[in-house]
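J.: The residues making up each chain are set out below.
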Amino acid sequence: MTRYAIPLLGLAWAASCATGEVPSARFANAPAVTRVDDRRDVPDKPSEREFIHSLYHYDGVVQRRLSRALELPRTRRALGVNALDEVPDSTWFTNRIGVRELTPDEVRRGPVQVGSPEAHRPWMIHSTKTGGSEPGFMISDARGKKFLLKLDMAAFPEQLTATHVIVGRLLWACGFNVTEDHVVYFRPDDLVIAADAVGKDVFGDKHPLRRDEVEAVLARVAVEPDGRLRGMASLWLDGKPLGGPPAEGVRDDDPNDRIPHQLRRDLRGAYAIFAWLDHVDVQESNFLDMWVKEGDRHYVKHYLLDFGKALGVMNTTGINPRHGREYVIDFAAIARSLVTAGAMKRPWEGREPSPLRGVGMFEADGFDPGAWKPDSPAYVPFLTADRFDKFWGARIVIRFTREQIRAAVDAGRLSDPRAADYLTDTLIARQRATARYWFARVNPLDRFAAASSETGAILCFDDLALVHQLDDAAATQYRVSTYDNGVQPLGPVTVVRPDAAGHACTGALPLAASSDGYTIVRVETVRPGFDRATFVHIARDAASGAPRLIGIWRP
Amino acid sequence: MTAADVAGAPVAGDESGRTDPVDDDSVARQGLRGALFVPKVAVNLALSPARLSAWAYDRYHLDELYYRVFFNDARTIGVIPSASFTSGFGINAGARFVDRDLFGAREQLSIAAGIGGRYQQVYKVAVQSGDRLGRVAVELDGQYELRPKDPFYGIGDNDDSAMPAAPVDPRFDPTAIETRYRERLARAAGIVAVQLVGDLHLRSASELTDRTFSPSDTRDGTPIDTVYDPAMLVGYGGVRYVYSELELRFDDRRRATQYEPRPFYSVGSLAAVFGGRIHRLDGAPDYWRYGADLQHFVRIGEGPRVVALRLRGEAVSGTRSEVPFTELPQLGGVDDLRGYPTDRFRDRVLTLGTIEYSWDLSPLLSASAFVDTGRVFGSLDDFGFGHLRVGYGVALQAHTENSFGFQSSLSSSIDGGLFLNLSFNPVFAIDERVRRR
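Just so you know, the sequences run in chain order A and B.
Residue numbering for the first sequence follows this note's numbering, starting at 1 and increasing by one per position.
Residue numbering for the second sequence follows this note's numbering, starting at 1001 and increasing by one per position.
It is possible that part of the hints are untrue.
Said to hold, decoys possible - On the chain B side, residues computed to face chain A include the following (Cβ under 10 Å):
no.: 1; residue: Pro-1010
no.: 2; residue: Ala-1012
no.: 3; residue: Asp-1014
no.: 4; residue: Pro-1021
no.: 5; residue: Asn-1044
no.: 6; residue: Phe-1070
no.: 7; residue: Arg-1096
no.: 8; residue: Gly-1353
no.: 9; residue: Phe-1424
no.: 10; residue: Arg-1435
Don't read these hints as lab results, they were simulated from the structure.
All residues carry an ideal CB built from backbone N, CA and C; glycine is no exception.
Sequences and hints are given; from them, build the entire structure.
T.: This is the structure we're talking about:
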């Protein structure tokens, strides 16, 4: 008896492994959802959320952090994801780059609705800008279009304005809703104080705006050698502002807001994108929900705002090289430094501001896409984000071509061409670092396609690590195995290899004998130092009988 | 994209296409979460005052409100609250009125009052010339203090001892017991500093001081006259004098980069030598006071991480029978020979060495570890390296980019004791003789 026990146990273990390695995720035999309807009528305006800066950060850094830990939150996969592990279009996110043709010119223009106010001067000042460190005004141009005009601080010419526009263009191309922003040049006498213009203090008290107040603001800003001023004009959004969305949970008075924000893939996956752009100023006030009107209906549309401190500008204007590498109040970093008596090298050491006009402390050297930090841990989606979310973000980041990135940089109208070259090169270097990092943590297979074969289906896919020349095609192979819905193997494991461009197709794969041929294809990518699998779910289209993709599961 | 484009699409949350059962929390996790509900409520309740403060701070713009209430629009004239805590003395609180631009050249007027703790009452007035005189800076000070329980441990470098049977003569008897005395101090002082070249300054300072003393209340500790014979305490009957000194000071201490906090020196040196004459107005003999302060800051890393070295020496020329007991150089306390009680040692000669390593914890927080060593001597002839007192400790400093906030230090010494201090002055600030206690 004992002589046979070990082999029998071994067989049982092998059998359990064979079935146990197929995750439980199953998908409906239906086309993947590419857009959701979160534009259903919200007739009553949701309440406006007041952003209380200190409270938000206190909660994020201390109290909510503690109480959240006591709630024992479990690690959860993101929601707001379709069967193909993609984010469908919504009021939060619209798939753009890589999903449709996006010319460099489109990237340069961004979300243009009315165009730049630069040619439509003079501008009427309606009020001074409150909040934020940078000077500015609320203006309307000669067409009557309303803009928020922000200006560069004298010590940091071109940085804030260029960065705001460049990052806005890139985030728009990624798929987020952003404001229509333009770098503009003007002369002080292009600014006319409206008869009803008001100055506002932090208490909200208003008084008639005086010329000397305008001049006091202009005295703080950078002036071009020819006497012109440079600004960033941001088109006032349509609709009624509701403040930023909560970092956790949903807006209770918006019935379309059904997915807790800390579980949204588009918000969680933005981590990889924001890290790429060093967009550290992530807080509720830099998101804005607008209650918009479309025909007879109203709904809430979600925007990202205020990117002027990205690309290392927070470091230069805040005179602090830690941004992006530590939270502003980073208890872990404080504890590490305290315990080691400062003996440990910190990740921000050695950083220097760029000598180029318009460029912040932005570099590719030392950029760690997995260790990047926004200024505050208060933004919960970045705390709950997992490698799958960041892989999603990295897939978007790597889709940008040099021409598209350069087009976005050109929208920043930097006066020094070396600055534009530097930013482009650095964005590309960080783009590749981002992809390299996250493609090593999730099997980077993408663009799956199923086709009919005589005996079942052929599955083709791209290996993004090879497509973008981050890894070696010659050293890569894929082990392909198939299972039916009950996790019974359908055939032997086969091995396929990619072509030089990173594209690969399986041989004919058997489909399950069930009526819809529900088949799970396990594609395991093997190369030196890497061995991860993706599960592709295929079934026959009931109408055509042809195999089609119905789900992708990345374990 | 419009509402028409998405008509018929699933609502948000129904896009996954998943048919397998939704993964939910385990029973164990739910149970544990239930068990942690009460601790969570307790934590939230305990932290609610801090949360309320954070809310109120922003909701009512308390920082701006403070300036609106206590300062003029230009923020040049206003009132600043102050507070400090010192082991053995308690909390001192007060306020300071400032006008930072009296006549348009950053001339400054400061009037301060405080009460409690170390000072039962303190009133100070100061006028500074600001930029008015270019390379010359002038300051006029007035000061009045009622100090209820200043410490006296006898004279000399003596270890703690037992209570004597009768009051002793501190000039000759080594008895060292913590006693307390009461003091009234009135002082007027003037300082003229001239920038000679670069970081080299010549400073001239004079003061007119009047001090009177009496035993402290027994609730504040052992009264001085129960241990030390008041008749043998030089100056105990009252001291009045004029002190004038000249100081040559080279000071290029500074931060190394703009990324380091301005209040902390990370590079540079200080070399200051001074000499001054005490002219007694009460008929007692005159004498000299002289000394030197050397500081050097070695930046060993970013942040910054800095090793600071300091040597300080001070002496008076008069004998123990000539120099009032409050005018003898003193060691011990928040700034000098940390790890010992305030004014634990005093005698005619003082030496102090400090090595301090400080490093940043964040842009707003630094830590330091320090060792102070020194002792007092009866005369320069007694100078040596034997029987040095050694204090050590750690400290946390809070600051902004531009200003020092406070320092909290925990210190001890080879002779024992533990001291927790909160100070609003940087340790490496220069000791101005004409403002000393």
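J.: So, for every hint listed, does it hold in this structure?
T.: Verification of the supplied hints:
For Pro-1010(B), the interface hint holds, the least distance from its beta-carbon to any beta-carbon of chain A being 6 Å, beneath 10 Å. Hint status for Ala-1012(B): holds, given a least beta-carbon distance of 4 Å to chain A, under 10 Å. Taking 10 Å as the C-beta contact cut-off toward chain A, the hint placing Asp-1014(B) at the interface holds, the least distance being around 7 Å. At about 8 Å, the closest approach between the beta carbon of Pro-1021(B) and any beta carbon in chain A falls short of 10 Å, and the interface hint on this residue holds.
About 6 Å separates the beta-carbon of Asn-1044(B) from the nearest beta-carbon of chain A, less than 10 Å, and the hint is met. Of the supplied interface hints, the one on Phe-1070(B) is violated, with its beta-carbon coming no nearer than about 15 Å to a beta-carbon of chain A, more than 10 Å. For the restraint placing Arg-1096(B) at the interface with chain A, the shortest Cβ-Cβ distance is roughly 25 Å, beyond the 10 Å limit, so the hint is violated. Given the 10 Å rule on beta carbons, the hint for Gly-1353(B) is violated: about 21 Å separates it from the nearest Cβ of chain A.
Against a cut-off of 10 Å between C-beta atoms, the interface hint on Phe-1424(B) is violated, since the closest Cβ of chain A lies about 22 Å away. Taken as an interface hint, Arg-1435(B) does not check out: its beta carbon lies about 33 Å from the nearest beta carbon of chain A, beyond 10 Å.
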